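*Asks:* Could you build all of it, start to finish, from the sequences and the hints given here?
One letter stands for each residue in the lines below.
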Amino acid sequence: MHMADALISPAVGGSFWAVSCGLIGISARKTQRHLEDYAIPMMGVLGAFVFAAQMINYTIPSTGSSGHIGGGLLLAVLLGPWAGFLVLASVLSVQAFFFMDGGLLALGCNIFNLGFFPCFVAYPLVFLPASGAHPSPARLTFAAVIATVVGLQFGALGVIFQTLVSGISSLSFSAFASIMLPVHLAIGLVEGVITSTIVTLLAKARPEAIALGREHKTTPQTAWIIAKVFLPIAAVIAIALSWFASTHPDGLEWSLARLGIDTEAEAAPSGLNQALNRTQESMALFPDYRLPAPTDAAGAGPSTESWPNVEAGTSLAGLVGGMITLITVGLCAVLLHLAKRRRERARASQPVHPL
Amino acid sequence: MSHHIVEARDLAYAYPDGTRALKGVSFRITHGESVALVGPNGAGKSTLLLQLNGFLRPTQGEVRIGNLPITPKTLDQIRRTVGVIFQDPDDQLFMPTVREDVTFGPLNMGFPRQEAESIAEAVLAQVGMSDIADRAPYHLSAGQKRAVAIAAVLAMSPDILVLDEPSSHLDPKGRRRLIDLLHGFSHTKIIATHDLDLALDLCPRTIVIADGRVREDGPTLRLFQDQALLEECALELPLRMQGCPICHPQHPPSPSPGR
Amino acid sequence: MKQRSMEDRFLEFGLIDQLARADSRLHRLDPRAKLLTTLFFCALVVSFPRYSVLAILPLLLYPVLLSAMGELPLAYVARRTLPALPFAFMVGIFNPWIDTKPVASLGPLLISGGWLSFTSILLRCILTVSSAIILVASTGISQICLAFQRLGAPHLFSLQIMFLYRYLFVLTAEAVQMVRARNLRTFGRRGLGPGPFASLIASLLIRSLDRAQNIHRAMVARGFRGEIQPLRQSRWRRHDTFFVLLCILACSTIRLWNLPQAIGGWLLQLLP
Ligand SMILES: Nc1ncnc2c1ncn2[C@@H]1O[C@H](COP(=O)(O)OP(=O)(O)O)[C@@H](O)[C@H]1O
Ligand SMILES: [Mg+2]
Numbered sequence: 001m002h003m004a005d006a007l008i009s010p011a012v013g014g015s016f017w018a019v020s021c022g023l024i025g026i027s028a029r030k031t032q033r034h035l036e037d038y039a040i041p042m043m044g045v046l047g048a049f050v051f052a053a054q055m056i057n058y059t060i061p062s063t064g065s066s067g068h069i070g071g072g073l074l075l076a077v078l079l080g081p082w083a084g085f086l087v088l089a090s091v092l093s094v095q096a097f098f099f100m101d102g103g104l105l106a107l108g109c110n111i112f113n114l115g116f117f118p119c120f121v122a123y124p125l126v127f128l129p130a131s132g133a134h135p136s137p138a139r140l141t142f143a144a145v146i147a148t149v150v151g152l153q154f155g156a157l158g159v160i161f162q163t164l165v166s167g168i169s170s171l172s173f174s175a176f177a178s179i180m181l182p183v184h185l186a187i188g189l190v191e192g193v194i195t196s197t198i199v200t201l202l203a204k205a206r207p208e209a210i211a212l213g214r215e216h217k218t219t220p221q222t223a224w225i226i227a228k229v230f231l232p233i234a235a236v237i238a239i240a241l242s243w244f245a246s247t248h249p250d251g252l253e254w255s256l257a258r259l260g261i262d263t264e265a266e267a268a269p270s271g272l273n274q275a276l277n278r279t280q281e282s283m284a285l286f287p288d289y290r291l292p293a294p295t296d297a298a299g300a301g302p303s304t305e306s307w308p309n310v311e312a313g314t315s316l317a318g319l320v321g322g323m324i325t326l327i328t329v330g331l332c333a334v335l336l337h338l339a340k341r342r343r344e345r346a347r348a349s350q351p352v353h354p355l
Numbered sequence: 001m002s003h004h005i006v007e008a009r010d011l012a013y014a015y016p017d018g019t020r021a022l023k024g025v026s027f028r029i030t031h032g033e034s035v036a037l038v039g040p041n042g043a044g045k046s047t048l049l050l051q052l053n054g055f056l057r058p059t060q061g062e063v064r065i066g067n068l069p070i071t072p073k074t075l076d077q078i079r080r081t082v083g084v085i086f087q088d089p090d091d092q093l094f095m096p097t098v099r100e101d102v103t104f105g106p107l108n109m110g111f112p113r114q115e116a117e118s119i120a121e122a123v124l125a126q127v128g129m130s131d132i133a134d135r136a137p138y139h140l141s142a143g144q145k146r147a148v149a150i151a152a153v154l155a156m157s158p159d160i161l162v163l164d165e166p167s168s169h170l171d172p173k174g175r176r177r178l179i180d181l182l183h184g185f186s187h188t189k190i191i192a193t194h195d196l197d198l199a200l201d202l203c204p205r206t207i208v209i210a211d212g213r214v215r216e217d218g219p220t221l222r223l224f225q226d227q228a229l230l231e232e233c234a235l236e237l238p239l240r241m242q243g244c245p246i247c248h249p250q251h252p253p254s255p256s257p258g259r
Numbered sequence: 001m002k003q004r005s006m007e008d009r010f011l012e013f014g015l016i017d018q019l020a021r022a023d024s025r026l027h028r029l030d031p032r033a034k035l036l037t038t039l040f041f042c043a044l045v046v047s048f049p050r051y052s053v054l055a056i057l058p059l060l061l062y063p064v065l066l067s068a069m070g071e072l073p074l075a076y077v078a079r080r081t082l083p084a085l086p087f088a089f090m091v092g093i094f095n096p097w098i099d100t101k102p103v104a105s106l107g108p109l110l111i112s113g114g115w116l117s118f119t120s121i122l123l124r125c126i127l128t129v130s131s132a133i134i135l136v137a138s139t140g141i142s143q144i145c146l147a148f149q150r151l152g153a154p155h156l157f158s159l160q161i162m163f164l165y166r167y168l169f170v171l172t173a174e175a176v177q178m179v180r181a182r183n184l185r186t187f188g189r190r191g192l193g194p195g196p197f198a199s200l201i202a203s204l205l206i207r208s209l210d211r212a213q214n215i216h217r218a219m220v221a222r223g224f225r226g227e228i229q230p231l232r233q234s235r236w237r238r239h240d241t242f243f244v245l246l247c248i249l250a251c252s253t254i255r256l257w258n259l260p261q262a263i264g265g266w267l268l269q270l271l272p
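Protein chains in written order, with our numbering: chain A, 1 to 355; chain B, 1 to 259; chain C, 1 to 272.
Be aware that one or more of the hints could be misleading.
To be verified - Partial list, derived from the structure: chain B residues whose beta carbon lies under 10 angstroms from chain A:
#1 P16
#2 D17
#3 F94
#4 F111
What the hints assert, rightly or not - To be clear about the criterion: a stretch of chain C counts as covered by chain B if any three or more of its residues have a C-beta under 8 angstroms from a C-beta of chain B, and this derived list gives those stretches:
#5 73-86
#6 203-216
Claimed, not checked - Computed list of lysine to aspartate or glutamate pairs in EDC-like fashion (alpha-carbon distance at most 16 angstroms, straight line):
#7 K204/A / D210/C
#8 K340/A / D23/C
#9 K23/B / E62/B
#10 K173/B / D201/B
#11 K340/A / E71/C
#12 K173/B / D159/B
#13 K23/B / D211/B
#14 K204/A / D17/B
#15 K173/B / D197/B
#16 K23/B / E33/B
#17 K23/B / E216/B
Since the hints were made in silico from the structure, they are not lab data.
Model, not experiment: these values are computed from the prediction.
Every residue, glycine too, gets a C-beta built ideally from N, C-alpha and C.
*Replies:* What follows is the structure in structure tokens.
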């Protein structure tokens with residue numbers, strides 16, 4: 001469920017980076033205040049554990065399909081939501097930098113989808129109320145299952161939302177959702193059962209670990225979460241989106257259309273629409289496929305045609321230019337490679353012929 | 001403190017899950033001694049070593065280091081006196097590079113960066129690991145890891161060295177190098193090990209632990225000649241004390257069942 | 001199959017560190033300079049309009065030039081980039097069927113917006129992923145971590161990543177071993193069902209917690225009291241500034257002017 005850089009717009013990537021950075025900041029402060037120094041190596045090792053655990057796949061017997069755990073809820077149970085979130089964020093960061101699971105720009109989105117929802121929604125708002133203080137095994141399983149399902153459904157919605165608002169993919173909301181949501185429902189059910197089994201086994205073998213978690217984790221109040229976490233997040237996303245709307249009207253319109261909201265229903269241009277059109281025109285200075293011929297590049301006039309449009313002449317120029325670019329890049333690569341080989345050979349022969 | 005006496009008095013410990021790992025252990029180790037702690041897996045050796053540095057609080061009895069009891073107040077001083085080298089060097093090398101790891105202790109002791117680095121240089125040279133100072137610990141061989149872990153503890157300049165199974169995972173050459181290295185140290189040494197050859201080489205005295213109790217305490221050579229004791233503790237006679245089956249076919253080493 | 005890919009991934013780690021230990025002009029730059037440039041580059045790549053293909057092409061020079069500067073094998077960068085493509089491919093591949101409005105033409109051939117945006121998605125993916133790979137392979141994760149911290153990330157967070165990365169190797173090796181041992185017992189015939197999977201993960205977790213406890217003890221034994229002294233740091237020098245500015249300038253130029261289009265148009269004008 002990792003988002004990729006290629007699918008998001010800078011506005012979406014940037015705003016979720018901001019949100020995630022803020023959350024990491026809050027979580028770090030909270031964790032520092034509440035956890036003792038043993039938590040520093042413990043969080044790191046648990047991060048490595050989640051990482052390693054995610055490399056092992058389970059199979060669902062009769063279906064042959066396989067998956068791996070996300071580990072969000074498990075971390076929240078072991079460490080509390082703040083430290084759990086930090087650990088997940090670090091796991092996702094290392095995955096982004098290392099395995100290119102999700103890109104750097106999409107990292108904010110991924111931390112939000114896979115870390116925020118399990119730690120700050122599923123754990124405090126679903127798992128804790130559902131499990132109570134000293135749950136029986138059955139109740140623990142129940143709580144873990146619904147919490148995981150809720151966390152993953154929100155995460156999947158996050159992916160859909162970010163992809164559609166970015167406007168890079170052409171999928172419609174209903175198509176996207178009808179794939180993502182059921183798949184993550186199934187994954188959530190299995191992961192919930194697995195999580196509760198792990199917690200039960202751990203409580204038997206290392207009761208102190210669970211107790212430590214219970215002792216030191218802070219259980220944030222619902223109201224606190226809403227005031228300090230949800231509202232700022234909503235604000236950041238709203239600001240980012242309105243900025244997005246003002247700079248990329250077509251993109252948002254297009255995305256909203258995907259979401260099933262028809263903005264082009266009435267033809268009469270309202271004040272807003274006119275303003276948007278004007279912005280669009282100013283943006284059209286460098287529209288991709290119809291850069292005015294270089295001779296009159298300075299005086300590029302605003303276009304009234306709908307964007308994008310078809311123009312045979314510019315397409316041919318584009319094709320030629322594109323070929324030349326690719327050839328240049330290829331030549332560069334080959335030449336640099338040859339140069340490197342020569343350098344290496346020179347270096348290798350140096351000790352053989354000392355001065 | 002000139003007298004680095006390590007003394008355990010009727011020490012008992014139970015883990016939170018109820019496992020009673022130590023059931024009344026007493027011994028006294030005096031300044032400059034090298035003592036091997038042998039015993040089968042699960043006998044409680046590691047648990048005992050963790051008591052010596054105050055990582056686990058005894059449920060009964062006490063540990064005294066140089067006449068100081070281990071209390072929260074004396075803990076800092078005791079940890080500086082007793083350097084523990086853990087069984088798995090990976091647990092001990094937690095920093096991104098060897099150099100960072102060895103300077104970790106001196107920096108915490110308040111040395112400025114430069115001095116800490118020169119201490120690191122010195123101890124790394126002492127264990128013969130100067131040329132891997134900038135490597136990341138995860139790509140080192142088992143022997144290198146062990147040597148660096150020892151260097152990291154030496155950088156704290158402890159008076160007593162406590163080692164938990166130092167020769168595990170080492171190949172014969174690495175093991176020999178380790179023995180030579182430890183031979184060169186004048187510290188009081190307490191070494192938990194299955195490796196009776198190593199014990200024989202380094203430690204004149206041996207304490208045999210079985211099932212959380214001291215089973216036997218005495219000169220290493222004498223204890224290792226007690227076949228029944230070794231068998232009981234699932235230990236194997238050092239190779240060099242076994243009759244060579246080719247030279248002395250009439251004295252075959254007693255077959256140990258289940259091995 | 002899964003099993004092998006897991007071990008392969010594990011082996012990849014070693015290679016990255018080996019590459020990051022090398023010495024080149026790119027390696028010697030301040031990690032912050034490389035991090036900032038890479039983030040800028042990624043943001044710039046995704047800021048192109050949806051149908052951009054041509055205008056993005058010149059940015060391919062970035063991975064080519066930087067991997068040469070860092071003396072990183074281009075084949076390595078390419079090999080690491082490929083596995084990242086499937087997700088982008090899967091989501092993008094619907095575009096040609098959904099978005100069929102023609103937006104460009106090659107003579108008689110009309111190209112639909114869907115194909116353009118699909119190609120664009122793949123291009124973006126290649127660019128962003130390869131730039132990240134070059135960053136990591138020329139810097140190493142602990143240095144990147146330090147760079148993050150010096151750019152304002154919480155100390156606890158960067159410490160956390162440092163520890164995570166350190167024990168990644170150890171725990172992954174453990175996990176590989178456990179899975180292999182289990183496969184030996186079942187002769188690899190059955191996959192890992194949720195039940196056995198959970199107990200395998202639980203025992204990995206217990207080992208990890210024990211290890212964390214040991215690490216903490218080893219830290220405390222060496223004077224740790226909740227603070228880790230900062231690592232050795234590099235200094236920001238003039239050519240770091242120069243590198244960042246040059247990259248920003250070059251990439252912005254490519255972003256603002258559709259160079260291939262301009263070159264093509266100019267060439268066509270030269271023709272009769
Ligand atoms: N963290 C722990 N929690 C519970 N039991 C433990 C723990 N560590 C060790 N034990 C148990 O304590 C006993 C002694 O273990 P240990 O001291 O490691 O033995 P040795 O080092 O001699 O092999 C064993 O039965 C072991 O299972
Ligand atoms: Mg042991």
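*Asks:* The structure should be examined with respect to each hint, and the outcome stated for every one.
*Replies:* Going down the list of hints, with the structure as the test:
Of the supplied interface hints, the one on P16/B holds, with its beta-carbon coming within about 4 angstroms of a beta-carbon of chain A, less than 10 angstroms. With 10 angstroms as the threshold, the beta carbon of D17/B comes within range of chain A, its nearest partner Cβ sitting at about 6 angstroms, so the hint holds. Interface restraint check: F94/B against chain A, minimum CB-CB distance 7 angstroms, threshold 10 angstroms, status holds. Of the supplied interface hints, the one on F111/B is violated, with its beta-carbon coming no nearer than about 20 angstroms to a beta-carbon of chain A, more than 10 angstroms.
Proximity of the region 73-86 of chain C to chain B, defined as three or more residues with a beta carbon under 8 angstroms from a beta carbon of that chain, is not established by the 0 residues found. Given a C-beta distance limit of less than 8 angstroms, the hint that chain B covers the region 203-216 of chain C holds, as 3 residues qualify and 3 suffice. The hinted pair formed by K204/A and D210/C meets the criterion: a straight-line CA distance of about 14 angstroms does not exceed 16 angstroms. This hinted pair checks out: K340/A and D23/C have alpha carbons roughly 14 angstroms apart, not beyond 16 angstroms.
This hinted pair checks out: K23/B and E62/B have alpha carbons roughly 12 angstroms apart, not beyond 16 angstroms. Between K173/B and D201/B the alpha-carbon distance is near 15 angstroms, which keeps this suggested pair within the 16 angstroms criterion. For the given pair, K340/A sits about 7 angstroms from E71/C by alpha-carbon distance, which is consistent with the 16 angstroms threshold. The straight-line distance between the Cα atoms of K173/B and D159/B is roughly 27 angstroms, outside the 16 angstroms bound, and the hint therefore fails.
Restraint check: the Cα-Cα separation between K23/B and D211/B comes to about 8 angstroms, which is no more than 16 angstroms; the hinted pair holds. Taking the CA atoms of K204/A and D17/B, the gap is about 8 angstroms. The hint holds against a cut of 16 angstroms. For the hint linking K173/B to D197/B, the alpha-carbon distance of about 14 angstroms falls within 16 angstroms, and the restraint holds. Straight-line distance between C-alpha atoms of K23/B and E33/B comes to about 25 angstroms, which puts the hinted pair past the 16 angstroms bound.
Restraint check: the Cα-Cα separation between K23/B and E216/B comes to about 15 angstroms, which is no more than 16 angstroms; the hinted pair holds.
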